[in-house]
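> Just so you know, the sequences run in chain order U and W. Note that my numbering gives residue 49 to position 49 of the first sequence, counting from 1, and the numbers run on in steps of one. Note that my numbering gives residue 1020 to position 1020 of the second sequence, counting from 1, and the numbers run on in steps of one.
Any given hint might turn out to be false.
As the list claims (entries may be wrong) - Only some residues are given here: those of chain W computed to face chain U with a beta carbon under 10 angstroms: (1) Ala859; (2) Glu901; (3) Gln953; (4) Ser954; (5) Phe958; (6) Ala960; (7) Gly1065; (8) Cys1070.
Said to hold, decoys possible - Restraint ranges, calculated between C-beta atoms of paired labels, are given here: (9) Lys139/U - Asp345/W: 54 to 60 angstroms; (10) Asp210/U - Arg1039/W: 39 to 45 angstroms; (11) Asp96/U - Asp774/W: 57 to 63 angstroms; (12) Lys139/U - Ala531/W: 37 to 43 angstroms.
Derived by calculation from the structure, the hints in this document are not laboratory data. The C-beta atom is built at its ideal place from N, Cα and C for all residues, glycine as well.
So you can see what is in the structure, the chains are spelled out below.
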Amino acid sequence: MTFAWFRNSLILSVTPLALVVTLSGCGGEGPNVDEAIIVSAPDATTATKSAPDATTPAAPSAGATPAATTPAASTAAVTAEGWGTLKGRVSLKGTDPKFPALGLGENPSPVCTTQPIPNEKLVVGADNGIKYAIVYIPKPTKVNEDAKKAAQTATVVFDQDKCVFKPHVLAAMTGAKIKIRSSDAVGHNVDSKVENNSMNSAIGSGQEIDVPLTSAARRPGLVICDIHSWMTAYWLILDNPYFAVTDEKGNYEIKNVPAGTQKVVVWQEGVTFVTPTSGQDIVVAANGETTQDFSVDAAKVKK
Amino acid sequence: MPANEETYRSQTTLHVVFAISSIAMTLAIVWMIMADHLRPWKQVQREFHAIEHEKLEESKTEKLAEQKTKNQSSITEVEAKIAAAEQLAIDNSRAIRQKESELKKLDGAMVRLDTEKKFQKAELDSQRSLYDGMIDRGEEREARRYTDSVIVASEVKLGELTRKYELAAASLGSARKEINGLKGNIDDLRKEKDRLTREADRVERVIVQKDKQYYGIGALIRGLPGLDLAAPPTKIQQISLPELTINYNFKDVPRYDRCMTCHQGIDRIGYDKAPGGQPMKSVYAAHPFLTTGAITIDPSGKEVEAGLYVDSNGPHGLNRIGCTICHGGNGSGTDFTYSSHEPNDPHEKHEWEKEYSWREMHHWDEPMLPTRFLESSCIKCHHQVTDVPQATKLQAGFERIVKFGCTGCHTIGGEGSFGPDLTDERQVGPNLKHIGSKVSKEWTAKWIKNPHAFRPDTRMPRFYDVTNNNKEADQPKVAAEVHSMAHYLFAKSTPPVEFVEPPVKESGTDKGKELFLQKGCLACHAHKETAPESFPESVREFAKANFGPNLSNISAKFASKENGQKWLANWIKAPEAYHAKSLMPNLQLSWQDSVDIAAWILTIPGEWPKEVKLAGENDPETKKGLDELTRLYKSKLVSLSELDGAVAAMTHDEKLLFVGEKTIGRLGCFGCHNIAGFESYKPIGTPLNAWGAKSPTKLDYGHITEYLSDQKLSDDETRDGTDEYYQEKLVEHTRSGFLYQKLHRPRSYDYKKTDEDLKAWDERLRMPQFTFADDPKAVEEVMTFVLGLTGEKIAAKYLPKSYSTPAKFAVADGAKLLNRHNCTGCHVLEMPKFSLAKGTNFEEVFTDFATNVKVSYNARASDYLSTFYPKLKYDPKAEPVVAEYMGEAITIEGMPIGQFEDDLTVQLWKQVTIRGHTFNPSDTLTLNAKNVIKVPAVGGDFAWLYATMVAEQSGGDFGALWNRLPPPLLREGKKVQTPWLTAFFKDPYVVRPATNLRMPKFHLGKDDKYPAEIEAAGLANYFAAKDRAEFPYQSIPEREQGYLAKQESDHPGYLNGGWSLMTKGACIQCHAIGQYMPTGGAAVVNGPNLRQVANRFRPEYLAEWLANPKRLIPYTAMPQNVIPSGPEAPGAPKSMTAQPLVQVKAIRDTLLNYVQTIESQMAAGVAKAEPTATPKPPEAPKTPGAGAGGDGGDGGDR
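For reference, chain U alone in the conformation it holds in the complex:
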């Protein structure tokens, strides 16, 4: 309640951005805003100025057609000048175990029972695309200043809606802020176990608080609500702008990646690390698109 005014202004600032994304993306499903990353419009434009194909650093290009996979693995590290785009898809190999909705225990609050609470440990969409996987580069060889500025000034919204954390997986850069909000009529607490960004605050109904992100961690961390034990989410706080959370179809896109060999890490809740924890070598082409797909083995998904 205390921060109610903020909420309105945020919606206002988000609208133009939504338009930008709609224009740059080629989806036919209307505004497709990544739930995790919302970058305010002015920064997006500055980014566009310097690097022709840079928009928001992590907004996925929804509906991108799967391109021929560039041979990515290489034995020797390649150094190169310039910036490129890394994109691709994270998909499931095998059959979706289809986790049932989460149980709420005895006597849950009516606010929480308006709809079943989905188990988002493994969200599989069309063509076995996996939503909520994170693709990131923990230690890039260089950092594009514009991409950095854009990511740092981004405001990331973390909502609690019908007793579900939205988004389930969120990635952000240090310097940015997470705006925690409760859209529910019931109070929650956001108990973050994320390394270097732990917190535990009660968030009243309609309340909003800003959490500045000061320090990064090397892997995603868990966020829970102790009042509603089924509510979980993951945050990845990185000290560079090279991260993306996959969309419903499993697509991701990271722009302004330094060209050359980068160690790319893919994380998915059901299996934790898809790549080695230190990353997989991928050569990013300068001034172009590099496509790299990843697959998650259904057999390895934790029950």
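With the hints as your guide, set chain W onto chain U.
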């Protein structure tokens, strides 16, 4: 008769005799002088003096070098100034002389003035007394006139003189200053130089002094043979301890310890190293605990480290207690052999024999304790035993004795004894009065024959298959005895009255295993189905609990599965129904859970891992044995002529019952078990009080030498597991040798005595063999304890109770109780420690220190720093300050909450300052898992095991899991009120409803003499004492009328304000208040019912907890509800707006005055309008309550 020159003896002969005897005498004197001069201790002292000299020279060099690096530039500077000043004085000599004569004059003038002043003062005083006399006589007029004329004038004169005197003193001072100036202030400079060179000068002075005493020319002369009778540099040094007597059999005589005559360096700091840095020769070495091991309070009240021994600041000052009271030996001896040194092993012995011609002193009753038993003597004074936790071997021995129930047969302590008192230890075996309801008779017989075959680590010792009854010829009697005992037990068994048919059916075996894991069974028991390998590697250690029996083969014990299911379910549900003082607590499980766990345990097939050979009850040989035994025992009851008739008249069952009873009585089974018919029997073993001083002549070594020599010598020089050391000790007939063999092969003293004509069956030795008999380490642990039971009466002033605090005793007493009930099986007492050794590369261990500091510093934003951490500062604009790493050792204590590659994240539980930055509990530090030194946690085995297992399986947060596990008990004493804790131990109720398992109800106390209250209070006091909190009672000033009145006047509606913060804030989402359920729903009840808080918490802790919970319990789910700066907490009343600390305290005080608040709410009728005041049946879905004043947003369903 004329005198002649003739003498009776020839003069010449006499001259010769005289000459020879004179020479002989002279030689004898020389010999005597030389013998005295060359006494071993004098040689030792001379050698020591040389070493001391070298040490001092070394120290001087060191100090000089130190001085050079630290002060050289200042010294040179001062020296130059001194030289300049000296020159100046020469230059100014004429002026100085002039000034000095002036000074002399001034000085004279001042002295004169001073005298005059004093005279004038005396004059004035006498005049005043004259005036007083006039007043007394009523001559007031004269008096006034006198004052005006005389006294006033006199006063003026005194004032004048005083002024002159001060002037003179001032000019004298300035003249002195002038002279000093002319001399260049040389005195100050000299003082400054002395200050700079002080350290080295001090050593130099010592050298000069010692030179005079020990190694100078004078000392050399005084030390010459013959002359050294007068004032020699070598002297016997002794400590007299008239009250710490030695018992010389018929008389207690004062103790004189002369050990320092040779052990000269024992009390000298730095003498652990010889000159040059090598370890010091052991005779001259400083005591290893001279500077460490104890804590003492210095005059300013600060805690400082002190030496555990020898150090006069520590508890065992050299001059206070001497040496031999702990070490044993002959303190008056000044010779290596005569002081009764004792080698620790055969190797040392042979070396000593060669080097010092050492031999065993058989006629000194208390030889020095060899290193291996050194800790024995602690219990001469420390009767509590657990008050010396540093003595680890002794503690292990004590625990072993308690665990294996030695006191069942051997009395230790009790009335009239002096030493540890173990009479409050309980019987360790199960109650056998209802054995028929539990196990099969066949199993019982086999178990009695060889319990180790069924369970290798059982506490039950073996009475059979031991050296005095393992011959083929003994077997019929063995079988007869075993079956008789089983028969007796079953014949006397009655069904346990409170055992019932379980009211529910089992729900499925998978559930049972899950419950077995979840409900904490593994805290005490191990099971083959939950073997260590089935757990994550880091916690496998914790899956080996052996406090209770290993349950792997349990199902083999029962007569039938139905029988087993009923018994086991009842036992798990309420062990006290079967065994009132069982160490197995009542786990407060439901019938369903008990039945399910029992069912799962019984699905695992049980077996005898080792076969037990036992002839059947009706085997003809057994019957023959039974007859023989019946005859043997009957023969003591009836006359020989009636014997045959009496035996023949008995039925088989009667014989079994008869022999069973006799055997149980003979073997003392009732020492550990409750057996019908033996309630008033006394323990059968030798009391162990004063056994440690028992004369070896009173011990029966039997044919032990023959026994040993008849055993095969194995490759490691042992014979039947008895090593060379103990072989020698046995041959020499020493106490320790006897004791070792008694524990190792208890029946071997019967060797070659078991033929019937020497020792009848019932005269054979009865001491059984324990499962640790073949583990020399375990045997020595027990020996260390028993050898310390000397029964020596020590004067009261030396006993711990004369100087230890009640808190120390409470901790020691509690430690015993914690052990007894295995509290650490579930609860953590100390978090793991991680350290960095001195001189390690900092970055190799603290891999992300800068980030850690930053995060820790920023986290201070949510602390009430000035209230709870007054020394810590936070400025959001400033950067935290980090100092240079100076190579010091660092230790942190906290919970490892995650590891990623080599980065281990540790969440602190104790405050620590590293490089100038103070980290608080809940701050994290990133460590390199490979390079850091880890010390495991104390306690909490089950919690670590379960949390790690679940975190690995489900991917949940490791820390968050602890919310549902037994809580770590760090800070518990500061947290809870001791009376509450006492009551809680006796009747544990549900504190946190959502935990996986409940605090069990322990079967406290032993009997009327040692009731449950004592144990409950002892446990509660332990926690308070350990945290240095007040106990056993606490005052709660927050409940006093004056306090509440003050708060009420400062913040009108104080308690109702607190109530509003709680009910409109976040509290009610997770906490029930009284009968009102939390608004978050029944399934999410995490927090304790707040109704319980008033009696449970201590006020200081509660305030700190409410202010920022994670600083006290880092993993807690409880969020910070009132933040020190930022948005107002919901429900804050007007009188407290913008005063977060007041709000915190108001909530605290409301909780502490719960009843009063409820009453005032009811009286005001407010309670009715409160959302929570609408009693909600837990199963009905909640509706958003109508908030007070219609403020649905704050008070509603959140």
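> If a hint holds in the structure, say so; if it does not, say that too.
Against the structure, the hints:
Restraint check, Ala859/W versus chain U: the minimum CB separation of about 8 angstroms is within 10 angstroms; hint holds. A distance limit of 10 angstroms between C-beta atoms decides the matter here; for Glu901/W the minimum to chain U is near 6 angstroms, and the interface restraint holds. This hint holds: Gln953/W has a C-beta 8 angstroms from the nearest C-beta of chain U, less than the 10 angstroms allowed. About 7 angstroms separates the beta-carbon of Ser954/W from the nearest beta-carbon of chain U, less than 10 angstroms, and the hint is met.
This hint holds: Phe958/W has a C-beta 9 angstroms from the nearest C-beta of chain U, less than the 10 angstroms allowed. The beta carbon of Ala960/W is positioned within 10 angstroms of a beta carbon in chain U (closest approach about 6 angstroms), and the interface hint is therefore held. For the restraint placing Gly1065/W at the interface with chain U, the shortest Cβ-Cβ distance is roughly 8 angstroms, inside the 10 angstroms limit, so the hint holds. A least Cβ separation of about 6 angstroms between Cys1070/W and chain U falls short of the 10 angstroms threshold, and the interface hint therefore holds.
A beta carbon spacing of about 57 angstroms between Lys139/U and Asp345/W agrees with the range 54 to 60 angstroms that was offered as a hint. At roughly 40 angstroms, the beta carbons of Asp210/U and Arg1039/W sit within the given window of 39 to 45 angstroms. With their beta carbons about 59 angstroms apart, Asp96/U and Asp774/W fall inside the hinted range of 57 to 63 angstroms. Remark: the range hint 37 to 43 angstroms for Lys139/U to Ala531/W is upheld by a beta-carbon distance near 41 angstroms.
Checked against the numbered hints listed earlier, the structure breaks none of them; every hint is satisfied.
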